[in-house]
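Line order of the protein sequences matches chains A and B. Its first residue numbered 17, the first sequence is counted upward by one per residue in this note's numbering. Its first residue numbered 859, the second sequence is counted upward by one per residue in this note's numbering.
These are computed hints drawn from the structure, not numbers from a lab. For every residue, glycine included, the Cβ atom is placed at its ideal position computed from N, Cα and C. It cannot be assumed that every hint is accurate.
[Stated by the list, open to error] Straight line, CA to CA, 27 angstroms or less: simulated DSSO-like cross-link-like pairs of lysine-lysine:
no.	chain 1	residue 1	chain 2	residue 2
1	B	1065	B	1034
2	A	199	A	134
3	A	244	A	199
4	A	191	B	1037
5	B	932	B	962
6	A	199	A	87
7	B	1034	A	191
8	A	87	A	268
9	A	191	B	1038
[To be verified] Not the full set, but computed from the structure, chain B residues with beta-carbon under 8 angstroms of chain A:
no.	residue
10	941
11	949
12	953
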Amino acid sequence: MQINTRTIKELAEEGERLDERDMDEYRDIELETDYIETTAQGSAKVSIGDTQVIVGLSADVEEPYPDQPNKGSIAVNAELAPMADRDFEAGPPGEEGTELARVVDRGIRESEAVDFEKLCIEPKEKVMVIFIDIHILNNDGNLLDACALAALAALKTGYLPAYSTEEREVNHEEKWKDIPMTKEPVMVTGRKINGQLLWDATRQEEEAQAARLSVTATEEDKIVAMQKGGRESLTHDEMTEIMDQAESQASKIREILHEETGE
Amino acid sequence: MSEQEIQWFDEDGKRIDGRDKDEMRETKMEADVLSEADGSAMVEVGNTRVIASVFGPQDLHPKHLIESDRAVIKMRYNMAPFSVDDRMSPGPNRRATEIGLVAKRALEPALEMEKFPKTGIDISMEIIESDGGTRAAGITAASLALADAGMPMKGLVSATAAGVVDDTVVLDVIGKEDKKGNADIPIATINGGDEVTLLQMDGDLTKEQVDDCISLAREGCAELDQMQREALHEVYQTENGGDQ
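Pulled out of the complex, with its shape left as it was, chain B reads as follows:
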């Protein structure tokens, strides 16, 4: 492919998909989408679609993973073969393993793990369709699924990414912007607040730009947190008369 100059912003400052710099893609969330799992949720952020499930707390295998004073999370991040343009061969790879690990760390601080010693919580994120931001959407979905499973939590976790494209800080980076942009910083926060549980970065930025990305992503997380609450309300207000 030739390295053509892509015009990342038009004269009105709109991005290649028509969004403003600080605008998130159209996002939809739904809790309780699967009947077999203890908790589940689907999150769609633009063309990125993720389904998350939770089983547990339950017996943990293999036994050597057991911790005597708290629950242990087993996390699976998996991309369906048809979720990307060039078919993804099934099976784990290094990228998926690392994302599983950082997703686990993103969620754990918000959970009351010590209430379930010697147990395991199995979380899966299945990426059904991908256009950037799958780990963030996965974490947002997994947190909803944990709430749907009735897991005691200090708060919900939501995640999004901010990045720099053509020296401009933008929210919720899509696949194309990620590949050609200067940087991408996924962030997760608890209850859309100041506690950051996920941060990764690759690129080439000044400290000020990183700062701006974190601030913008935090605003996005706060917006997502609100939507998570609404999605839980949809399920639990109608079924249980508004508790939870």
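The following block holds chain A by itself, in its conformation from the complex:
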């Protein structure tokens, strides 16, 4: 690993990478929606290179928050399954899993991609909550971008189940309506290695990374969420550079989404 880290840093200086990609080039992205056919109300599997994640949706009915009596909500949860990475341990979500879930959550929540008011069944009484469960199968880096895409694709193609007020029960088999979506927030993560910016880092590159910045952008080129990570600092200029490239990176990923969802 140490040798790779040094090689990765040296190569980065020349604008090169171990897997011979361009610095701004993503690995092949594969997206499959409705991956879970029978038990989820929407789902997607995303592969970016060898990284594989699944997102499945479950809708349930809850009482709304008192200050938002006519709004439903989302709840994002991430399972970093031990099978995905030698370093992942079984147990409740740790720092990394919690951050992952919260950053994905913010991109969807802050862009108002899901119209929470349309999740309301009966004001003050009953609203729908969409559980967005992220399951990491294989970690070869860039989990954030993969998970955000899988979550968005699952929401775009998922549905809300019917709720029977008499029986006070959700009927998962019966559809109430499509999930009311207004925007397409896409997360892209840039990394600085040895002063050079690169995109879609592999797990090895992440180990060599100095700093990362994840940017979630909508199709209107609005930035709705950001998260800096990594041990080192980023300068203002470096952050601007990442934000500048984020729009075009995000729109490339959005094209892959549209191909799969047929828009």
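Given the structure of chain A, go ahead and fit chain B onto it with the hints provided.
Chain B alone, transformed into the frame defined by chain A:
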């Protein structure tokens, strides 16, 4: 829910999903589906889908689990929240703990554990989608993953369940049949043969019915064993010119 009379068999003797009594669901297997784990496999039995992974033999933590003359298996059986109709809260529960234990016992007799003293083998089964038979599919997948990891084995382990529905013995019970049927008996065998490494039962059966279930499940295991071999061939014939 009202207890309606469900017609478990139509006039041609077909089950609610169109299968014959002794017919397994459509089953697919693939080895080497993950890059980070030492060994991995995916098994789909109808709508039930399981991914299994193996890390090791490797250092074992915590240290007090170490055995001086053999390897120790740490087993995780986990259902993804979206794998069932009513969302499953994340985290371990008593059912998962017990299944992990019986799955470990199902696999261990087929492994040459004594070749790796003082080490641990970490096995995970992630249930991605569930329609009954997840422990059986998990064991079948885990055995494939162990072979994919290059673990020395006396044989492959495959598992399926037989049950009794409306007083008729049926193979490979699905979720609905399990909930409303008379009984369900998961079985695992080594190399699809006579050595049974998993047996559980709950229900209300005569000795003859239990006997019939075991026989039928063993036939199913033999069929699965063949498919496991084919799945390994797919990976190792093309990559390594047919050894293994």
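Now for the hints, and whether the structure bears them out:
1. B:1065 / B:1034: Between residue 1065 of chain B and residue 1034 of chain B the Cα gap is close to 24 angstroms, so the pair holds against 27 angstroms.
2. A:199 / A:134: 14 angstroms, holds
3. A:244 / A:199: 23 angstroms, holds
4. A:191 / B:1037: 25 angstroms, holds
5. B:932 / B:962: 8 angstroms, holds
6. A:199 / A:87: 17 angstroms, holds
7. B:1034 / A:191: 21 angstroms, holds
8. A:87 / A:268: At roughly 32 angstroms apart (the allowed maximum being 27 angstroms), residue 268 of chain A and residue 87 of chain A break the hint.
9. A:191 / B:1038: Holds, at roughly 26 angstroms.
10. 941: Because about 6 angstroms separates residue 941 of chain B from the closest Cβ in chain A, which is inside the 8 angstroms limit, the hint holds.
11. 949: Holds, because the Cβ-Cβ distance from residue 949 of chain B to chain A comes to roughly 7 angstroms (cut-off 8 angstroms).
12. 953: 16 angstroms, violated
Consistency note: the structure conflicts with the earlier hints numbered 8 and 12.
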